[in-house]
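Work out the full structure, taking the sequences as your base and the hints as a guide.
Protein chains: 4
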Amino acid sequence: MSSRPAHRHTPAALRFVLEGSGVWTLVNGDAVHMAPGDLILTPSWSWHEHHNPGTEPMIWFDGLDLPLVRNLDAIFFEPGGEELSSYQPALASRSEDCYGTAGLLPAADEPVIVEDPATGRSSRLLAYRWAAVDAALSRLTDSTGQRAAVIRYADPATGRDVMPTMRAELHRVLAGHRTQTTRTTGSGIWVVYHGSGATVIDGRRFHWSAGDMFVTPSWAAVDHEAADDADLFLLSDWPALAALGLARTRQAGQRQDVVAEEEGRGSACG
Amino acid sequence: MSSRPAHRHTPAALRFVLEGSGVWTLVNGDAVHMAPGDLILTPSWSWHEHHNPGTEPMIWFDGLDLPLVRNLDAIFFEPGGEELSSYQPALASRSEDCYGTAGLLPAADEPVIVEDPATGRSSRLLAYRWAAVDAALSRLTDSTGQRAAVIRYADPATGRDVMPTMRAELHRVLAGHRTQTTRTTGSGIWVVYHGSGATVIDGRRFHWSAGDMFVTPSWAAVDHEAADDADLFLLSDWPALAALGLARTRQAGQRQDVVAEEEGRGSACG
Amino acid sequence: MSSRPAHRHTPAALRFVLEGSGVWTLVNGDAVHMAPGDLILTPSWSWHEHHNPGTEPMIWFDGLDLPLVRNLDAIFFEPGGEELSSYQPALASRSEDCYGTAGLLPAADEPVIVEDPATGRSSRLLAYRWAAVDAALSRLTDSTGQRAAVIRYADPATGRDVMPTMRAELHRVLAGHRTQTTRTTGSGIWVVYHGSGATVIDGRRFHWSAGDMFVTPSWAAVDHEAADDADLFLLSDWPALAALGLARTRQAGQRQDVVAEEEGRGSACG
Amino acid sequence: MSSRPAHRHTPAALRFVLEGSGVWTLVNGDAVHMAPGDLILTPSWSWHEHHNPGTEPMIWFDGLDLPLVRNLDAIFFEPGGEELSSYQPALASRSEDCYGTAGLLPAADEPVIVEDPATGRSSRLLAYRWAAVDAALSRLTDSTGQRAAVIRYADPATGRDVMPTMRAELHRVLAGHRTQTTRTTGSGIWVVYHGSGATVIDGRRFHWSAGDMFVTPSWAAVDHEAADDADLFLLSDWPALAALGLARTRQAGQRQDVVAEEEGRGSACG
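Protein chains in written order, with this note's numbering: chain A, 1 to 270; chain B, 1001 to 1270; chain C, 2001 to 2270; chain D, 3001 to 3270.
One or more hints might be untrue.
[To be verified] Simulated restraints, written as ranges between beta carbons of each label pair:
(1) A:D73 <-> B:A1175: 55 to 61 Å
(2) A:Q180 <-> B:S1138: 40 to 46 Å
(3) A:R70 <-> B:Q1146: 27 to 33 Å
(4) A:R70 <-> B:R1255: 50 to 56 Å
(5) C:T2249 <-> A:Q180: 32 to 38 Å
(6) B:L1174 <-> C:F2076: 30 to 36 Å
(7) B:L1174 <-> A:I189: 45 to 51 Å
(8) A:P36 <-> C:A2108: 47 to 53 Å
(9) D:R3070 <-> B:A1252: 43 to 49 Å
(10) B:L1174 <-> C:P2005: 33 to 39 Å
Hints are computed from structural coordinates only; laboratory data are not their basis. Cβ atoms here follow ideal geometry from the backbone N, Cα and C, with glycine treated the same way.
Below, the structure written as C-alpha cells:
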C-alpha cells in the first residue's frame, strides 16, 4: 500500500489511466476511483492525493501544464495535512453524481459564464469513464457512417475544455481508414490506447501500437492511418492558444505524401 | 394512424410526455421517439412534424412561448412539404447520438458562446429520457442525503437553458418532506408526473396527485409538500427574465403559514 | 421650481431631451444635467428624481420598457425619502468622469462579462451629450464618404446596449439621400431632432420635420429620405428580441416602391 | 526620411511614444500619426509599416508578446509588398473616427462577444491620445478626491484589454502620495513618462524620474511614491494569466517596510 499526501498547486494535471486497478484519488475531498481508459482531473489549486491500497502498480499518462505556468511565473504550491486520507472511495464520485448525465444539471448551476480570474475554470466533472467514451464514439461512427470520430472531453455545465490550459480528446480511427491531413497551432501528445497503425508528421511516417506515445509539433501536417481499430488519446494546449488569439487550423485538400518511414525510438533501442 | 405535416414557426415548443407509446416527432430531419416522462424539444424555427403510427392516443403537456413571441410581434410561420415524413424512427435520435453523454462532445463543437441574434440558441439535445432523469435525481438525493432535489434540463454543449425563452426543471420531493418557501419573478406551470401532495401558494394550499397541473404566479411564495414520493415537472419563463435583467429570487427564512385550504378546480367541477 | 421625489422601479427609462435648460436628474446619487439632444438614462431599479430649478418647462421624449416588464409580471416599485434632493449639479456627472473617454476605463473595471440575473445590465454611462453625438456622426460621414450614418448608444465598458430591454440609435441622413430599405423584427419609435424628410413604411410615405415622432411596426419595410440634413433618434426593443433568439433583419436589394402618400395624423387633425 | 516596409506577424506590438513628431504608422491600411504620450497598437497578424518623413528620430517604448508566442510555438510571419506606403496620414485614423467617442459605436457593431479562436481579439481603436488620457486621469482624481488614479486602455466596443496577451495602464500618482502595497501574478514593465519618485519592490526602494524604465516580477510586493506628480505607463501580461486561470492579486493591509535603498543601474553606470 502506498499513498501521496494531500497538497495543491497551480499547475493542473490530468491522468489517462493505462493499467492497474483499485487506485483512487481524492480531489477536494471527492474520492475518485481510477480504472484503465478513464480520464481523471486534478484542476489547478485543488487539494489532491493518490491512494493505492493494493500491491500492484497502476500506470497512467500524467499530463500537466507545468511548462506554461512556469513560463508565466505563476507557480504556487501548498502542502496539506493528513486528515483527508481516511475517505472510503465509492464507485462514483460526487462530481459524477452531480454532473454525470448529459443535459441534466443540478438546479443551482446557472448557465452564466463567470470567468473569475482568480479561481480558474476547470471542469466540474472530475472523471470521464472509458465505458462512456467507448459508447459515445461507437454511436458517433454508427450515426455518421464515417470511419473516424473524435470526442472532446468537456465541462458538462459549460461545454468548455476540461482545463483553461489543456484540451483532451479521444480519436477513434477504424481499421484501414486514413484521416484528413491537418495542421494546427499548439503541440500534441498522443497516447495509443488501443490498436495499431501509423501517423504521418510532415511527411515522415511513424508506426505505433497500443501503449506507445508520440508528439506532434505546432503547425506540423498530421494524419493517422489505422491498421486495426485504434483509439488515440490526445492532450494539447489548444485552449491556451485560443484564449490568446493564436489558434489556427488548416485542413489540406488532399492527404500529404509520405517521404520517409521512421522507426520509433522504442523499436530502435530494442 | 395520424400525423401532422411539416412546418416551422418562431414560437418554440417543448413537450413533456404523460401517456402513450409509439409516437415520434421529426425535428429538422431527426426522428425522435417519444415515451412517458421524456422531454422533447422543437426549437424556434425548426422544421417539425408528429407521427402516431398506432391507434392509441399519446398525451403530452405542450409548452410554448407563444404569448411572449406574440407580444414582441415576432411570429413567423412557414408551411413545409410532405417529403420528410418517410423517416424510420430509431430508438435514439441523432441529437442523442451526438450529445447524449455528459462531458463528451463531438470535437467540432467549440466551447465558444456565439449568441447569433438571428438563429436562436436552443439546446442541441432534443430528447431528455425519463430513465436518465430518474437516475440523476436518485443519485442527487443519495449523494446529498437530502429529501428533495431539482435538476435543470440544459444544453449539454453550453449548459444553457433548453430554450432562450423557457426553462424546464424536474423537482423531486420525497414522502413527508416540505420544501423551502421561495419567491421568484416569472410564472411557472407545474405538471405532477408521480406521487401526491400539496403546494402552498401565497398561503393557500392546493392538493394534487399524478396527472394534475397547476400554475404559480410571478413573485408568489411557493413551497411543496409530498405525501408520496413526488416528481413535478416545471416550465417557467426564467431565461427571458434573466436575459432582460428582471430575474429575482428570495428564499424565506422559514416556511410560510397556510391560511386557506383549496380544492382544485378539477375537483370542484367534478 | 418643481421636482419629483426619489423613487425606483424595475421598468427602465431613457430620455431624449428636446427643449429647455437648467434641469437635472439624480440617478443613484449622481447629478446629471440635461440639455437638448442629450440622452439620459435611469436604469432599472436605480433611485432617481428630477429637478427643474427654473420657471420654464423642459420637454423630453421619455422611453420606457413598461409594457414588456408588465407582460412579464416583473414590476417592482419602491418610494424613497427626501434626503437626496439637496445635491448641486455639476456640468459632468460622476458617470461621465469615470466612463466619458473612449477606451479608457477605471482600472477596477474588469472586462469580464458577468450577467447577474438579479441586478440588470444597464450602461455605466448615464449621459450621452449631443455635442459628442454630433461630432461622432460627422466623423463617420467624413471618414466613409457616405450620405448616411448610424451610431448606437452603448455601455463604454462592455459595448452592450444601454439597457437589456432597449436600444437607442441616432440616424443621420444628409439632404437628398434615401437609405436602403430594411426590415427588422421589433418595433421602433422615431423622434425627428433636426431637418425634414419622409419615411416610407410598407409602401406608404410619411413626411416629417423637426419635433415630429413616428413609429415603425415589427418587420415593416422601412427607409428614410432627407429633404434637409436630418437627425432621427430611434428607440427600439431589439436587445430583448436578440436575447430571446427572435432578432431578424433583411435588407432589400432595391428600395421599395411608394404606393401611397400619407398626411401625418397631426396635420390631418389640424 | 526612413521607413519600414509592410509586413505582418502573429506577435502583437504596442508602442508608447516618448519623444519626436511627424512619424506615422500604417495598420491594415489605416494611417495613424504618432506623438509623445500616445499609445499605438499593431495587433496580431495586422499589416503594418512605420514612416518617418522627417530627419529627427522618434523614440518609443515597444512592447511585444514575443516570448509568450514563441513559447507556444505560434509565430507566423509574412512579408508584404510596397504598395501601401503612399498613404497621406490624417490627424485622426479611421479607427479613431469610428471608435473615438465613449459609448457611441458604429451601428453595425453588435455587442456580441465572439471569441474567434483563429483571428485574435485586439482593440478596434488603434490610437489612445495623450491629451485624452491626461484629461481622463484628471477627471478621476478630481471626481474621487484621491491622490492616485489608474486607467486601463481598453477596446471601446467590448471593454476588453487592448490585446488578448497584454494589458496597458497609466498610473498617475500625485506628489507626496504613496500607493497601497499590492501583489499580482504576471510581470510588469513600467515606463516613467512624467515626474519623479520611487517604487518599492519586495522591500527594496528604486528611485526613478521621467524617461526611466523598471520591471516588477510576478507576485512581488509593489508600491509607488511620487516626489513630483508622476505618470507611469505599465505593460503587463495580466490578460494571459486571467485567460488561463492564473491571475491572482493581493492587497496588503499596510504598506511594506523598506529594507534597502537601491541605486538604479543607469545611475550606477553613470
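| request: Output the numbers, in ascending order, of every earlier hint that fails for this structure. | output: 3, 9, 10
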